[in-house]
Amino acid sequence: MRRAAALAAFVIAAMALGRAITDLVPTGAAVDTPFTVEGRVGEPVDASFAEVEVTKVAVTPTIMGNPATKAGGRWVVVDTRITALRQPTVLYGATLVDASGTHHLASVRGADCTENPRLPTGIPWTGSFCFDIERSALDGARILFSRGAFGDNGDGYRRDSVADIHLGLEDPDALWEQTEAVNVAPAIVGTEQEDAR
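Mature numbering (1 follows the signal peptide of the UniProt record, and there is no 0) puts the sequence shown at residues -20 to -1, 1 to 177.
It should be emphasised that the hints constitute simulated quantities derived from the structure, not laboratory data. Careful: at least some of the hints might be erroneous.
Ranges of calculated distance between the beta carbons of each label pair, as one might list FRET restraints [stated by the list, open to error]: (1) -1 <-> 119: 41 to 47 Å; (2) 82 <-> -6: 39 to 45 Å; (3) 114 <-> 146: 17 to 23 Å; (4) 18 <-> 95: 21 to 27 Å; (5) -5 <-> 52: 55 to 61 Å; (6) 20 <-> 42: 44 to 50 Å; (7) 170 <-> 52: 30 to 36 Å; (8) -12 <-> 68: 55 to 61 Å; (9) 20 <-> 102: 20 to 26 Å; (10) 20 <-> 98: 22 to 28 Å; (11) 88 <-> 35: 28 to 34 Å.
Positions of the beta carbon are idealized from the N, C-alpha and C atoms, including for glycine.
Put together the whole structure using the sequences plus the hints.
Below you can see the structure in the form of structure tokens.
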């Protein structure tokens, strides 16, 4: 009888300790956060899945092509060079994030704009991501690159590496007023993208 009472007391104490640990340690949030690597334009960023570099950024009302594509607000065209490091990768997440935290998804409405490129291992891919944004999105704009799409609550970034590149858009008002159209060079693998602008 004493042995049964001691065993019951031990089990109850173990359950209480487990409950205390579960309540006091926020394991879900810690496990789900992405591994973010920050950078800026012209600086290669080593995420676990790829080396990512934003080479140029342009703001324009129109992307040239056949037909030319006008933005609802303005296009932010982000030229990139990405090299998968360990295995072929599909990049499902290229998201422009503004200062308020609003996420803007890449569009394929413009000629030669890219959405989800397939990246071969060790061979540079160069292409452009195009975002149709409103004026407020230029403030503090940065772009996130990941293997997973953002999803409803950022769950596509969970437990993965994310390259977070600040676009450094100085004087957003002047950028918004630009009227010159931009050519977007086609995405290519293996050689440098021609400067179409």
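How the hints compare with the structure:
Between residue -1 and residue 119 the beta carbon distance is about 44 Å. The supplied range of 41 to 47 Å therefore holds. Separation of residue 82 from residue -6 is about 44 Å and conforms to the stated range, judged on CB atoms against 39 to 45 Å. For residue 114 and residue 146, the Cβ-Cβ distance of about 19 Å falls inside the hinted range of 17 to 23 Å, so the restraint holds. About 23 Å separates the C-beta atoms of residue 18 and residue 95, a value consistent with the hinted range of 21 to 27 Å.
For residue -5 and residue 52, the hinted distance range of 55 to 61 Å is satisfied, since their beta carbons lie about 57 Å from each other. As the Cβ distance of residue 20 to residue 42 is approximately 27 Å, the hint placing it in 44 to 50 Å is violated. One distance hint, 30 to 36 Å for the beta-carbon pair residue 170 and residue 52, holds here, with the actual separation near 34 Å. Against the hinted window of 55 to 61 Å, the Cβ-Cβ separation of residue -12 and residue 68 comes to about 56 Å, which satisfies the hint.
Distance hint check: the CB atoms of residue 20 and residue 102 are about 24 Å apart, consistent with the given range 20 to 26 Å. At roughly 26 Å, the beta carbons of residue 20 and residue 98 sit within the given window of 22 to 28 Å. Judged by the Cβ atoms, the range 28 to 34 Å given for residue 88 and residue 35 is violated: they are separated by roughly 20 Å.
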